[in-house]
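Visitor: If you read the sequences in order, they're chains A and B. Heads up: the first sequence is residues 1 to 139, going by the working numbering. Heads up: the second sequence is residues 1001 to 1325, going by the working numbering.
It should be emphasised that the hints constitute simulated quantities derived from the structure, not laboratory data. All of these numbers come straight from a predicted model, not from anything done at the bench. The reader is advised that the hints may include incorrect statements.
[Unchecked claim] Straight-line Cα separation of at most 27 Å, DSSO-like style, residue types lysine-lysine; simulated pairs:
| hint | chain 1 | residue 1 | chain 2 | residue 2 |
| --- | --- | --- | --- | --- |
| 1 | B | Lys-1319 | A | Lys-11 |
| 2 | A | Lys-30 | A | Lys-11 |
| 3 | B | Lys-1294 | B | Lys-1253 |
| 4 | A | Lys-30 | A | Lys-118 |
| 5 | A | Lys-118 | A | Lys-11 |
| 6 | A | Lys-30 | B | Lys-1236 |
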Amino acid sequence: MFVMSDSSMSKRLRILVAKPGLDGHDRGAKVVAASLRDRGFEVIYTGLHRTPIQIVDAAEQEDVDVIGLSILSGSHMELLPRVRRLLVERGLDHVLLVAGGIIPVADAVVLETDGYAKIFGPGTATGAIADYLEAQFAS
Amino acid sequence: MTLPPRAEPTVAELLEGFAERRVGALARAISWVEDGEEFAGELLDSLYEQTGNAWRTGLTGPPGAGKSTLSDVLVRYWAEKGSQAALIAVDPSSPFTGGALLGDRVRMDQALADAGVYVRSMANRGSLGGMSLATGAAADLCDAFGFPEIILETVGVGQAEVDIMAAVDVAVVVLTPQSGDGIQAMKAGLMEVGDLFVVNKADCAGADRLKHEIESILDLRQTPGPMPEVVTCSAKLGDGIQDVAIAIERRRKVMTESGFLETRRNTRALARIRRLLEGGLRAEIWSHAQMEGKAKAALADGARPDAIAAQLLNEVLKKVNVCDE
């Protein structure tokens, strides 16, 4: 059903969905990107194989509200803290950081005490990420 | 964890950021114009005098013609000549949810991003014509920031989305040998707005034939201004890119010398006013919360759709007093 409304000049939440490092599987990232689009987000997808610097550059240029990192390679404890550190260095610590993928619970706990708002593991319902983000920005 | 609130900078802070060429300031300024932020007008006022120095090139054409690939190689070409470029890439918003998936960065050569090129993905936010209402102002901001080259890449367009011409100095229409039969249908619209025609994917069969077809259509063209060139290239293989860039530069020279550039820039300002007026009116219409309810109620009463629209429009116009002196 076509919505009778106008959104041409009102704030939309912008999220950068990024794939850090060398893993080559982005099915999950694409599913999440599409589901967020369907919930009304403006989603910028980076494509595969991005370095932490490239991700932070993109986030800065696109002025996003959220960065969502998808990582399946096992190098999350290496790459994710780097993204966080670079964001802080650039003065972009207002950007909400979330991540998902194959991240063991013990690591997720560490990341969640160090700048990551939420880690979404395997089995997360597609809509749960949008629900979470909407709740964070509802005010 | 709790997030520190996103602190909005002041106009003065953003202007300072522009003076120091901080990318974050440009990025936030563009968000301001996109979101219709309260002080966006004041910011644009302050920067207006610093605009007018950049060349604006538009890339438009059907989906899949290679606009993103071509803009990448053009950005690289200019970067190698010492002219840093800003690229504004527009993708469609969903008319149902307002959401958008902006994928231009996927195809982008990372080396470019690393070289200090500014890339901004914009959703068209329901605006027709291949751009969003804020695209023109976003280009002004990149201009004031000091980028000598600005590329506007439109939504993949069909035949009639010609707003790009009114936003740039040189509008490049990108086609492929596969666009063949469609060209006939494009005699109006897209074929009239182009300042330069690029037949991309020239490594595929039929490129030369398409080039000749376009040229024969252009022969009959009534649009004012110097006659456009048609060039072929393969952006993916890198063949003929130099020819495209040189043709753009040649076009600029011809337009400048003939005085057509000034005409174009004046037309551009007027077209932008028109677009913003229309967009503003549209927003005004939907700012009245009961609009949809009224329409549905009138329909349920058996009224004719056209009559309902006319009635509702009348109500809006009375409220905004456009008829008063």
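Visitor: Of all the hints given earlier, name the ones this structure violates by number, lowest first.
Guide: 3
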